[in-house]
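Let chain A serve as the given structure and place chain B on it in line with the hints.
Chains as they are written, first to last, in numbering that gives the first Met the number 0: chain A, 0 to 296; chain B, 0 to 197.
Think of the hints as simulated: they come from the structure by calculation, not from any bench.
A virtual CB, placed ideally from N, CA and C, is assigned to each residue, including glycine.
Honestly, I wouldn't trust all of these hints.
Unchecked claim - To list a few chain B residues with every Cβ distance to chain A over 12 Å, as calculated:
id, residue
1, 35
2, 87
3, 115
4, 117
5, 148
6, 160
As the list claims (entries may be wrong) - Okay, derived cross-link-like pairs now, BS3-like style, lysine-lysine, Cα gap no bigger than 30 Å in a straight line:
id, chain 1, residue 1, chain 2, residue 2
7, A, 71, B, 131
8, A, 71, A, 12
9, A, 206, B, 112
10, A, 12, B, 66
11, B, 39, B, 112
12, B, 16, A, 71
13, B, 53, B, 169
14, B, 169, B, 131
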Amino acid sequence: MFAKRIIPCLDCKDGRVVKGIQFVNLRDAGDPGELAAVYNREGADELVMLDISASREGRATLMDTVNRVARKLFIPLTVGGGVRTLEDGRRLLGAGSDKVAINTAAVETPELITELAERFGSQAVVVAIDARRTRGQETGNSKLEIRNSKIEVLHTIRDVVPVSNFRVPVSAPPPEGPAATNWTVVTYGGTRPTGLDAVEWARRVEKLGCGEILLTSMDADGTQAGFDCVLTATISHAVHIPVIASGGAGGPEHFAEVFLRGAADAALAASIFHYETHTIRSLKEYLRARGVPVRLG
Amino acid sequence: MIALVDYGAGNVGSVLKAVQYLGYPATPVSSPELLAEAEKIILPGQGHFGAMMKALAERRLLAELRKRIGVGTPYLGICLGLQALYESSEEAPGVAGLGLLCGTVIRFRVLPKVPQVGWNQLRIRADGGLFKDIADGSFVYFCHSFFGPVTPESVAVTEYGETYAAAVQKENAWAVQFHPEKSGDVGLRVLGNFLELP
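Only chain A is shown next, with the shape it has when bound in the complex (with noise of 0.2 Å):
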């Protein structure tokens, strides 16, 4: 049985853990070498660690934050946030992680992804895209509505609808035609638009020779109010290499629906793990009760 991966992740300024509210405000969750042990043993599946604020500020990511996270680490790490060159991704890779994510870099100068993955292989090659909505209402999930590029938790209908309910359309058809929604890549931390269809980027960065894509939804992201189911499954069906769902987990429903309802491969959530408001393992045996294969040690 091929499990569904549940990824947390790091965010990482100056050494610390923090994780924003759409980006801006930012708390202090903790230690990255505690949380990545916490996590370890808690069976998470893979580690993500991004160095946030690098791409903005052009600092280099932290090297002894990757190694101490790494030298006791068992399970595949993921390191991103400002690799622009060959060598920051070979630095990383030195330091102990195992694969590499590329955002802004990859937009701007895409054949560092072939170079990456003639180097160091495709597996150690995860392209990160921040995807906003530019045209269509429906995330997938009710509980959104876009305002002005701004999100707002209308009401909640958490329990209303249970999610045994979601379980059939495990491959629901992506949607097609003029009235299809669209998403624009965003880079530099989703400050910045970019112009390119986010689901014609994902399938260049496979042929590029990228191994997996982390699919950030910007509209979601912060608001604990589900994954983009929609913006999942499109970009999942679009290409043949592993998408990482990001941004908007809130509970354990919210994962269920994003590997029943988005064809997520894995699902990767920072804050709802941090503040120990769920546990992995609650989370996956929850998912397991659901019909989600999952790896419960």
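The following block gives chain B in isolation, referenced to the frame of chain A:
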């Protein structure tokens, strides 16, 4: 001395870290002279089948590897280090593998997502050895597009649309398709079991 074969593109670092964590000294080895002194050999393979076989040959490691396996030095191949034991691979037509196992390594054909990246279950067919104290159905971490067909030497198999060799043993030669250095406690136990072998 436990030799980690370093042909320039494998993931020697993370395997070295895991072996040391388990309390064993290990040395990255890139010359046949040093490999000849090894009491145990681990080949942490990664990347392209053809590129690995070529890199091993260029460093004169291939002949020595064949020789050491032949004289009974315990060998553990990881990922591409398992695929190298077959006769050939679809990934690099015309390039010979070590040929300890019959058959050709092929690409996944059934499921839409290739490579398989993530955790999958072992169906253990031979207890003891690498799988001492490891429960049938344990999850381990895989990352690969190509796989070795099931043969009588397959001591564990896994399914990803099709059934393939997750671990093999032929006499002193062991190999795993998964990454024990990335498979949490189960993986560390597999590595520990190999390191404990006489």
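Going down the list of hints, with the structure as the test:
Against the 12 Å criterion, residue 35/B stays outside the reach of chain A, whose nearest CB is about 28 Å from its own CB. Taking the minimum C-beta to C-beta distance to chain A, about 20 Å, the non-interface status of residue 87/B holds against the 12 Å cut. Listed as a non-interface residue, residue 115/B fails to keep its Cβ farther than 12 Å from every Cβ of chain A; the least gap is roughly 7 Å. Residue-level check failed: residue 117/B sits 5 Å from the nearest beta carbon of chain A, not beyond 12 Å.
Look at residue 148/B: its CB is around 19 Å from the nearest CB on chain A, clear of 12 Å, so calling it non-interface holds up. Residue 160/B, annotated as away from the interface, has a beta carbon of chain A within 12 Å; the closest lies near 9 Å. Between residue 71/A and residue 131/B, the direct Cα distance comes to roughly 23 Å. Compliance with the 30 Å bound is thereby established for this hinted pair. Taken as a hint, the residue 71/A and residue 12/A pair is honoured in the structure, with Cα atoms around 21 Å apart against an allowance of 30 Å.
With a C-alpha separation of about 14 Å, the suggested pair residue 206/A and residue 112/B falls inside the 30 Å cut-off, and the hint holds. With a CA separation close to 51 Å, the supplied pair residue 12/A and residue 66/B exceeds the 30 Å bound. At roughly 36 Å between alpha-carbon atoms, residue 39/B and residue 112/B are farther apart than 30 Å, so this suggested pair is violated. For the hint linking residue 16/B to residue 71/A, the alpha-carbon distance of about 8 Å falls within 30 Å, and the restraint holds.
For the proposed pair residue 53/B and residue 169/B, the alpha carbon gap of about 24 Å is at most 30 Å, so the pair holds. Between residue 169/B and residue 131/B the CA atoms are separated by roughly 17 Å; this keeps the pair inside 30 Å, and the hint holds.
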